[in-house]
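**Student:** First to last, the sequence lines map onto chains A and B.
Just so you know, this note's numbering puts the end of the first sequence at 374, numbered straight through with nothing missing.
Just so you know, this note's numbering puts the end of the second sequence at 386, numbered straight through with nothing missing.
These are calculated hints, taken from the structure and not from any lab test.
Note that CB positions come from ideal geometry on N, CA and C, so glycine has one too.
Check the hints yourself; a few may be wrong.
Not the full set, but computed from the structure, chain A residues with beta-carbon under 8 Å of chain B [said to hold, decoys possible]:
| hint | residue |
| --- | --- |
| 1 | F89 |
| 2 | Y95 |
| 3 | L110 |
The primary structure of each chain is shown beneath.
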Amino acid sequence: MSGVVLDDLTKRYDGGALAVNKLNLDIKDGEFVCLVGPSGCGKTTALRMIAGLEDITSGEVRIGDRVVNNLPPRDRDIAMVFQSYALYPHMSVRDNMAFGLQLRKTPKADIDKAVVDAARILDLERFLDRKPGQLSGGQRQRVALGRAIVRDPAVFLMDEPLSNLDAKLRVQTRAEIARMHTRLEATMIYVTHDQVEAMTMGDRIAVINEGVLQQAGSPKELYELPQNRFVAGFIGSPSMNFVEVKVDVSGGTVKLSEEGVELIPDDVQSALLRDSGLEKVIVGFRPEHLIAGVPPGPGLRITAAIDVIEFLGNDQLIHGITEGHDIVAIVNADTELSVGESVVLSTEPRRLHLFNPTTGERIAKAA
Amino acid sequence: MSAVRAASLPATSTPRKRRVRLRPSRIVVNVVLAAIAIFWLVPAIGLAIISLRPESAFDQSGWWTVLTAPAQLTFSNYQALFAQGFKPGGVLDSLTTSLAITIPVTILVTVISSLSAYSLVFGRWRGRTLVFLLIVAMLVLPLQMALIPVASLYSAIGSATGFKLFGSVIGTIIFHVAFGLPFGIFLMRNFYTGIPHDLLEAGRIDGAGEWTLFRRVVLPLGLPAAASLAIFQFIWVWNDLLVSLIFLTGNTHQTLTLFLYGQTRFLASNYWIIATGGMISIVIPLIVFFAFQRFFVRGVLAGAVK
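Extracted from the complex, chain B is given alone in its bound form:
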């Protein structure tokens, strides 16, 4: 119920909020928040500017000189990186590999978590609570504990069936999905418990089966939670280095994090590649965030009951 209450609060308190906003204390809070935001943004802005300055400028002057001499800005770094095309080891190939892992993982985790949570909350089978507790228990398992067992399992499957999981994109996806699910199910289940059971009963009387109830009633109401989960999941997998470092061993295609990691080995001369590659790796999560944030619809449940 708490999720419903929290979600419906803003809708009811809007008029009061507007009046409160004029208070001087509010203005102070906003100024402080803006200052903190700018302070935090400085490194990112610096990185962006470095990526937009000629390679040679890095050793000669600081990025802030752009503020007085904006003419030095150029896209040459990006052109140089993109010029390599999609050949393995290049930035575009890494970008594609990262997307090829992150997108399926995000979709699979969100969909499977939603379905599992539906069954855990609205199903009528015995032992639902026990299963849920087991899933919660899995949350505390550190990922690195499973690296070696899963790697050897993959190798065993590979030598037994010939289906190569270790060092493959599919193997990496499976690992990410397995470790994304406990949190995903936990999040979705907690949100779904806030959906009134009356709604599902009304649906059952209206003639809906379980699948229709999930698709037409529960899924749309759980959209804010599913969107949060998708964003979290996307960013975690996108930023992952450890899992791809192990499970993409020997693969010619690398993720963006692996690409950047590789570049740091030549740190002295490669600042421009790290800055430019870093910018490319920031842009995608930003797009995802802004694309999904409109689904954080507040107050979707207001008016469901009472």
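Chain A extracted, bound-state conformation:
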């Protein structure tokens, strides 16, 4: 087992397109890190560079204490699970799992033991002599995991391994991978475009957009302290609401306003806004933090006309319209609301995120 360090990792394709731009990430031994971002953001390219399937334009990949830039995949001590599973269709499940060990000249008895152990963990014992074509999607997926496990690699690389499974199976397999991580105490790098997957599985999440690392941190950090507007909008479902408001500094108080939106920041936020000298800011707030009704004291207050109501069981999802903005809120299903009605939504100052409208960066105390 060993950690992985990405040092200014960059990939530029022949056409000049920059897929990954100076990616820096220090993944500790035994850590489960999710690379997450919209499709085409470079997360898969980064993973493939770690695997050795893609040439590195510049920068360094270190696995353990070795620089592996110029090592072929087989010498990097990694195993990879592909989105498409990539099982060898002409080999039985047993041979699929044994193939890597056979090529490494592992003694036959050890191979058999490793395969049977992995099959037991993944509940595949009955299928060992079947071909991949005779298995369901979920079973194939488990064979792909088994092929990685038997190798006992330093690092597991997973490229959207759940995206071809149906919703129920995805939740099951998610738990299975999490258990596998706990049991094997292995370093895992997991690529996904699904932020829910990343939030539930990762010890740490690296959000990537357009080849650039936006923020890396624990799921809680990303949720509570997104460093820019992209991360704020990407993490969380439904995504954060954003409203651009005018900053009005008069005397000692700071007021933020926009038609239909009233905002009284707390002291810390007021100080930040005064210091920033901005005339406008973007304020972000999560749908799940809005409540229908007026809270006492400072905070955000929005008056919106209800456009759509989606019933979710315990909660209801409200799409409200206020001057030029669509606001989404999740409120308790017991609250009596109807379409067309005007509703006041509010939240406390600590639930508000302030972003610079030009850079998109979080407005925070200078470090």
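Mind docking chain B on chain A? Use the hints.
**Tutor:** For chain B alone, kept in the frame of chain A given last:
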């Protein structure tokens, strides 16, 4: 990808097919197909029966009289032909010569095409597409265009080095291989493009080098295409007359086609030899076909990805 899709289709549609087969339109189709098959088989059956009737019977009655008098059937024609043994010019010697040319050509074309196609599809060198287009361009070159240039090249090599290619079995093999490769590479390359690259990447991570990937992953998956190519190639070379007519000039050993061609010059009296020799030349490709057709495994790629 299309090759993969096509190959995986039958596996998924089997249950539906079974139900459809009971429809009356299906029965009509099958009856018509059977009628066409029988119609096409008549000449071959006639040839088979002629080869099994005594030499003298040919002038007296038609082969269909066998249907009422099966007692006239005999292996005497075969015995007479085989009695000549392996002496040059005989049918057994021609059979051996045909095999000595066809088998190496088939193996060489299949193996070289598979290797070239692997490099063209999975290699990482520049200009792969250009090379492939050049090979495709060679497909349109008619073989007869090269007969004279290659024959004179062979003679030149022969007089320069003393290594006789013109009029030799090896020279004929080289010519056949050279003209079999463009199509072989074309066929194999198109099949290999349907093999998902993920499979090779998985193999590389599993620890396979290029040779192992070719032998353990690509070759087994390409078996249906390789088997088709081998069958085609075998039958083309087996049936070839033109190339062996030119390049075996002066050789005492002839191919079966040359043997039959020689017999047609005495057509009137030699029907029994042509019929019997013809049957012998049909049997070998049939054996090859049935031996290889089990490799037309359908749906081998089903379950590779997704």
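**Student:** For the hint on A/L110, just tell me whether its beta-carbon gets within less than 8 Å of chain B.
**Tutor:** holds (4 Å)
**Student:** Mind checking the CB of A/F89 against every CB in chain B and telling me if the closest is under 8 Å?
**Tutor:** holds (5 Å)
**Student:** Have a go at the A/Y95 hint: is there a Cβ in chain B nearer than 8 Å to its own Cβ?
**Tutor:** holds (6 Å)
Every hint from the earlier list agrees with this structure, and none is contradicted.
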